[in-house]
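A.B. asks: Here is how the chains run, residue by residue.
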Amino acid sequence: AQSVTQLGSHVSVSEGALVLLRCNYSSSVPPYLFWYVQYPNQGLQLLLKYTSAATLVKGINGFEAEFKKSETSFHLTKPSAHMSDAAEYFCAVNPYTGANSKLTFGKGITLSVRP
Amino acid sequence: KAGVTQTPRYLIKTRGQQVTLSCSPISGHRSVSWYQQTPGQGLQFLFEYFSETQRNKGNFPGRFSGRQFSNSRSEMNVSTLELGDSALYLCASSWIPGQGAYSNYGYTFGSGTRLTVV
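Protein chains in written order, with this note's numbering: chain A, 1 to 115; chain B, 1001 to 1118.
Quick caveat, the hints were computed from the structure, so don't treat them as lab data. Be a bit skeptical, because a hint or two may be false.
[As the list claims (entries may be wrong)] As a list, the in silico DSBU-like pairs of lysine-lysine whose alpha-carbon atoms are at most 30 Å apart:
#1 A:Lys-107 x A:Lys-69
#2 B:Lys-1013 x B:Lys-1057
#3 A:Lys-107 x B:Lys-1057
#4 A:Lys-58 x A:Lys-107
#5 A:Lys-58 x A:Lys-68
#6 A:Lys-68 x A:Lys-107
#7 A:Lys-68 x B:Lys-1013
#8 B:Lys-1013 x A:Lys-69
#9 A:Lys-69 x A:Lys-58
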């Protein structure tokens, strides 16, 4: 079974500050891991994904995440927050078993960016 | 190319009614998954269809059903609506099941259908 824990439901940062959104996973098999972003009244947009290649994954909009197996973590970071980054962020896990499409999501974190 | 299209975008129904939601995947994608998003439960997997067959199902009551057509378009149906069914329903497509996990694009989501049950 797979699960994702996103610590905290809301993170607030100042514009230009570091963004750090935490994600820990539990998986009985090697996982694929994803970060998605959701803007109000929209669907989910893929930010980045880990697929057992490089442990440091770079995504869109300046985001990156590092897969740490020893810590079962996949935290999302961005060096400098922009007002347009305000949105809800979801971490998700998909078991590495080939043809299983089911994504298990965390509860999501709302990111606010202060001017 | 066009993204995943979900219709309608908004829907208001009365308790006890039934509703059908539609999802047209990206052209060439043959796998469609459905998710329910609510403030309390977050994003939960409903089911997945591939080649007109349900391959995977989440823990939802039998009132929730779906189907997929030969052109890969998918519909989901909820019968005997309850207030708790109010949610954003999202569908995601990929070329084949699991392909979203290892492709560069992940799973592509539509904008969702916002269902309100009154």
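A.B. asks: Taking 30 Å as the top limit, are the C-alpha atoms of Lys-1013 (chain B) and Lys-1057 (chain B) close enough?
C.D. replies: OK: Lys-1013 (chain B) and Lys-1057 (chain B) at ~25 Å, within 30 Å.
A.B. asks: Assess, step by step, whether the Cα of Lys-58 (chain A) is no farther than 30 Å from the Cα of Lys-68 (chain A), and give holds or violated.
C.D. replies: holds, 15 Å
A.B. asks: Holds or violated: are the alpha carbons of Lys-107 (chain A) and Lys-69 (chain A) at most 30 Å from each other?
C.D. replies: holds, 21 Å
A.B. asks: If you draw a straight line from the CA of Lys-58 (chain A) to the CA of Lys-107 (chain A), is it 30 Å or shorter?
C.D. replies: It holds: about 23 Å lies between the C-alpha atoms, which stays within 30 Å.
A.B. asks: Mind checking the alpha carbons of Lys-69 (chain A) and Lys-58 (chain A) for me, to see if they're no more than 30 Å apart?
C.D. replies: It holds: about 17 Å lies between the C-alpha atoms, which stays within 30 Å.
A.B. asks: For Lys-68 (chain A) and Lys-1013 (chain B), compute the direct alpha-carbon distance and say whether it is at most 30 Å.
C.D. replies: violated, 46 Å
A.B. asks: Could you grab the alpha-carbon distance between Lys-68 (chain A) and Lys-107 (chain A) and see if it respects the 30 Å cut-off?
C.D. replies: holds, 20 Å
A.B. asks: Has the given pair, Lys-1013 (chain B) with Lys-69 (chain A), been kept, meaning a C-alpha gap of at most 30 Å?
C.D. replies: Status violated; Cα separation ~46 Å.
A.B. asks: Is Lys-107 (chain A) close enough to Lys-1057 (chain B), meaning Cα to Cα at most 30 Å?
C.D. replies: Measuring from Cα to Cα gives roughly 20 Å; hence the hint holds.
When held up to the earlier numbered hints, the structure conflicts with 7, 8 and fits the remainder.
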